[in-house]
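Peer 1: Using the sequences and the hints, build the whole thing.
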Amino acid sequence: MESQAASRDGHGDQRFASGKSVSFNSRMGDADFQNSWNGEIGFVGSDRRFAFSRQSSFRQSDAATPLSTPGEQLQPFLSRSVSSISIPPDAYASESNEITWKENDTSSVEKTSLLSAVLFIARAIRTGSRPMKRLFFMISLNVAYSTAEFIIGILSGRVGLVSDAFHLTFGCGLLTFSLFAMATSRKRPDNVYTYGYKRLEVLSAFTNALFLLFMAFSLAVEALHAFIQDESEHKHYLIVSAVTNLLVNLIGVWFFRSYARVNLVYRKPEDMNYHSVCLHVLADSIRSAGLILASWLLALGVKNAEVLCLGLVSSIVFVVVMPLFRATGGILLQMTPPSIPSSAFTKCLRQISAIDGVSEVSQSQFWELVPGHVIGSLLIQVRKGSDEHLILRHVHNLYSDLGIQDLTVQTNFV
Amino acid sequence: MVVEFVAGFMSNSLGLISDACHMLFDCAALAIGLYASYISRLPANDQFNYGRGRFEVLSGYVNAVLLVLVGALIVLESFERILDPQEISTSSLLVVSVGGLLVNVVGLIFFHEEHHHAHGGAGPCSHSHHQHQHGHGHLDVHFQSCEHHHDNQEGLSLSSGTYHSKSCENDHHCHGHAHSSHNEQEKMVADVQPFHSSSLDDHHHGHSNHTEHFDSHNKVVLDKPVCKHDHLGHNHQHDHLCHNHQHDHDHSHVSAQCESLSERENPSAEANIQEKTHKHHHIDHNMEGIFLHVLADTMGSVGVVISTLLIRYKGWLVADPACSIFISVMIIASVVPLLRNSAEILLQRVPRAHEKDLKAALAAVTNIKGVHCLQNVHVWNLTNTDIVGTLHLHISQDIDKDSEKERVSCMLHDADIKDLILQVEYVKGK
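Residue numbers (UniProt numbering), protein chains in the order written: chain A, 1 to 414; chain B, 1 to 430.
Among the clues, some could well be false.
[What the hints assert, rightly or not] Beyond 10 Å from chain A on every Cβ pair, some chain B residues (computed):
| hint | residue |
| --- | --- |
| 1 | Y38 |
| 2 | R41 |
| 3 | L94 |
| 4 | V98 |
| 5 | G99 |
| 6 | Y313 |
| 7 | G315 |
| 8 | W316 |
| 9 | L317 |
| 10 | I368 |
| 11 | I399 |
[Claimed, not checked] Simulated crosslink set (DSS-like; lysine-lysine; CA at most 25 Å straight-line):
| hint | chain 1 | residue 1 | chain 2 | residue 2 |
| --- | --- | --- | --- | --- |
| 12 | B | K401 | B | K418 |
| 13 | B | K356 | A | K187 |
| 14 | B | K369 | B | K356 |
| 15 | B | K359 | B | K405 |
| 16 | A | K133 | A | K187 |
| 17 | A | K384 | B | K401 |
| 18 | B | K418 | B | K356 |
| 19 | B | K359 | B | K401 |
| 20 | B | K369 | B | K401 |
| 21 | B | K405 | A | K384 |
| 22 | A | K187 | B | K359 |
[What the hints assert, rightly or not] Beta-carbon label-pair distances, calculated as ranges:
| hint | chain 1 | residue 1 | chain 2 | residue 2 | range |
| --- | --- | --- | --- | --- | --- |
| 23 | A | I154 | B | L73 | 12 to 22 Å |
| 24 | A | P323 | B | R41 | 20 to 30 Å |
| 25 | B | S403 | A | R383 | 18 to 28 Å |
| 26 | B | D419 | A | P323 | 26 to 36 Å |
| 27 | A | R326 | B | A333 | 27 to 37 Å |
| 28 | B | V95 | A | I251 | 45 to 55 Å |
The set of hints was computed from the structure by calculation and includes no laboratory data.
All values derive from a computational prediction rather than experimental measurement.
Where is the CB? At the ideal position from N, CA and C, for every residue including glycine.
Peer 2: Here it is, written out as structure tokens:
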């Protein structure tokens, strides 16, 4: 099917080539992953059949692409799409056994005690991927550091240290939420969350971004305070803590260095979460760097250095976080995926309405569950007497060319 | 806010400035909420295939998260204060806090009017009486700490609350009715209710006993309709409270209850009515978020006033942090249900209220002769009230497709899925 995409691109849609095939690749990986746990249900080897369909379509793709003459194309569609339609890649057999599994599923969802959550996270971390282990390491490092700071602050009676420790723990809470999202998102879809838990990663990225925006705002307020009050008391122990904090956070930035950029093309659901974690750590280190810079400038005797640095840091954080905020917000708002241009959708609609027997296409709704997983639904009015099954396959093929696998098409006779 | 800001700059007072910043933050949150409630009514377009109803859910979520963040920050800061009690100049603080309270009240009035404008466009708002019951049940939980405000309102509100008894008979009532019954609620707040002790957990459990609450409240029925705009700010506040709670509870459990009551008698007709009812609910998570925000502010001001008085007359320096901890814990506790609901919607969960119906409907569909299997069943909430479902139905070849489709979609419609896309495929064999 990949090659279909390629051939369609050859037909003149060159600009979609990169984005589409990339997103489709990730879908295929996804499908493999989910088939591995669907395996015991009886769809073993579906990816093999996929491979076969890919092969056959490669040969026929040239004939199959001009879609306006379905009459002579019927045979190839049939032979090809039997495999491609009756084996949607993922979440397939889940519903059929969900009905039998319902009771224990719901019960396991309902009980969410703290202990079980902790155990769950611990198990997930043990079996988890590398970024997860790194994040866990980061969090424990942060917690250890802040506890040390807290104890020192209490013992030496310095409130500044204690408050700094509190703030660190506060940030750690959100990182823990990210970790929880990573751990949970690997759970398979059940009958409560029918799309699986992957969206939790997007949600946690959004929450993280929101927190960072809030932090930018509060930094700006702090800058205003500093501007008005103009307290230039030197807090040397705070400098030490800022430097240590900066070092700790720089380790985190190093861990997630592949995500350390402002604009990122999200291909996998994990990308957003990792990006948000990276931005969080980055923002923290920027803040500590700003504090260090401010104290240095104050020592040099620059007026209003604190205001300057705080304002700078807050605006940097704001600018850095905004793209992530937009992207995650767009997904959560059920927007049409920005990775697929709207002209592609209109083109598809045109092609569908050009099919013999289709009288009207309506309610075409597409949205992105997680980055790289587009879901769509469509309502087609079909004239009496035409073979709706063929039309169905045709439509499914069209959209799977765009990388949309999860498609539901309702056909109504006029 | 601007006045406070300017005054703060003129007098170089830090307290005023920080309060103004807080105000700015609130205003931003409110602006987000109002913008969301405006924009969610725009029709669907290329970019938003489902319309923009999600804006409301998202803004509710944002508001909840921000409130939790602020609450947590306040708790942390109060811990610091406990560790290191600071001398507070009470006189200036009292002025600031009373000013803040006044501004908050003004904000509440503004918010109320805005809310009305926004709401008026949506046409008559019809709620079934079940929702009111729930509103009653929860009102006091939130407002118990603000009671001293309502003393001046008590006489007024005693004469209110006429139409509520009527609304018991007709299943729906219009806007005016709804509001007049809100005033009754205010009365109930003014009286200290026996179930103050019922904790916030009540939001989710044990709703069967609300009918009794309702009955007990309904004794306060007099015969004078009240024009709500004559009232002062406090009164408006109550209107909001009621509104928001209705919607919240409608979402989470009322509908299930209503349906189980009503659908027994006349499934299809009731389903239609239900549909209409749902259509007009436009204020939900979003408005609840806004409201909780305003409520949090007011409670914060009240707490500051109380703690200032305590510090001044009793000399308890711990009163200030203790008060703030108490208030922020209350805020967080009241926000958690909103946070959970909106997060569940954002995560495309199967609607909680319809879970059982849906399960039953799906089981019934699978039991139809000729239905081979169901696949890719996805049901989720677009907004608080709109439910979207997609489904692949595999049926044997020897069965009439159209009638089958009709039947299945009818069954699922009864399970309250409004927007259903059903793909029917033939399966060979069997």
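Peer 1: Which of the numbered hints are not met once you compare them with the structure shown?
Peer 2: Structure breaks no hint.
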